[in-house]
Amino acid sequence: QVQLVQSGAEVKKPGASVKVSCKASGYTFSSYGINWVRQAPGQGLEWMGWISVYNGNTNYEQKLQGRITMTTDRSTSTAYMELRSLRSDDTAVYYCARGARALATDYFDYWGQGTLVTVSS
Amino acid sequence: DIQMTQSPSSVSAFVGDRVTITCRATQGISNWLVWYQQKPGKAPKLLIYAASILQSGVPSRFSGSGAGTDFTLTISSLQPEDFATYYCQQANSFPPTFGPGTKVHIK
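Those sequence lines, one after another, are chains F and W. Position in the first sequence counted from 1, then plus 5, gives you our numbering. Position in the second sequence counted from 1, then plus 31, gives you our numbering.
Derived by calculation from the structure, the hints in this document are not laboratory data. Careful, some of the hints might be misleading.
Counterexamples of contact, computed for chain W against chain F with all Cβ distances above 12 Å [said to hold, decoys possible]:
1. P39
2. F45
3. D48
4. V50
5. W63
6. Q69
7. K76
8. S91
9. S94
10. G97
11. S107
12. L109
13. Q121
14. P127
15. G130
16. H136
Subject to a maximum C-alpha distance of 27 Å in a straight line, what follows is the list of computed DSS-like cross-link-like pairs (lysine-lysine) [said to hold, decoys possible]:
17. F:K28 <-> F:K17
18. W:K134 <-> F:K24
19. F:K28 <-> W:K76
Beta carbons are placed, not taken as given, at the ideal position from N, Cα and C, and that holds for glycine.
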């Protein structure tokens, strides 16, 4: 069965970076894109960006451009999301999610369990 | 970016009630509207895609309809496990965007 398993919770200081991993199993990793979605405490869902596992193409939410990098390692079926220059309003649960249609604009049929990133001095 | 709105923001209902949630897009999105269910502390779960197609394994009491800018999610007979927050999302135009959510409470 399809599974996305994310790395554990992180606590970071403002200005630091965080890198969250998402290990996929149960399907052909390169056939689908991976998206990242975050959810601040008590808030709704915010799409952050997409990476094509097939060719490495990325599209990021405009307001995160310059602070975010998404990568994949096809040898381990793992996707990564790095967010730099962290601020307190980056405190959120970060989810990876498989794109159902392998498109840059997609919907998400399988989700990781979420990774809480807390930014606090 | 296409903005998504949902109404109501919250609804209280009894087990067995019929519940309808509305989602509206600021521009036409064809039928590329998706619904998710999220329970506290859990990841969202895909319920419906392409406005009306039930994801595999989702109970038939869930249904979706609409096209263009106006969409609805209906739960025909609310069950205890359906108390959750429901989000719509448009998957037609970059970037994908979510509605603010509708919380379904127990009455």
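Hint check:
no.: 1; hint: P39; in the structure: 15 Å, holds
no.: 2; hint: F45; in the structure: 26 Å, holds
no.: 3; hint: D48; in the structure: 24 Å, holds
no.: 4; hint: V50; in the structure: 19 Å, holds
no.: 5; hint: W63; in the structure: 8 Å, violated
no.: 6; hint: Q69; in the structure: 8 Å, violated
no.: 7; hint: K76; in the structure: 8 Å, violated
no.: 8; hint: S91; in the structure: 19 Å, holds
no.: 9; hint: S94; in the structure: 17 Å, holds
no.: 10; hint: G97; in the structure: 15 Å, holds
no.: 11; hint: S107; in the structure: 23 Å, holds
no.: 12; hint: L109; in the structure: 22 Å, holds
no.: 13; hint: Q121; in the structure: 9 Å, violated
no.: 14; hint: P127; in the structure: 5 Å, violated
no.: 15; hint: G130; in the structure: 8 Å, violated
no.: 16; hint: H136; in the structure: 15 Å, holds
no.: 17; hint: F:K28 <-> F:K17; in the structure: 22 Å, holds
no.: 18; hint: W:K134 <-> F:K24; in the structure: 31 Å, violated
no.: 19; hint: F:K28 <-> W:K76; in the structure: 18 Å, holds
In this structure, the hints that do not hold are numbers 5, 6, 7, 13, 14, 15 and 18, in rising order.
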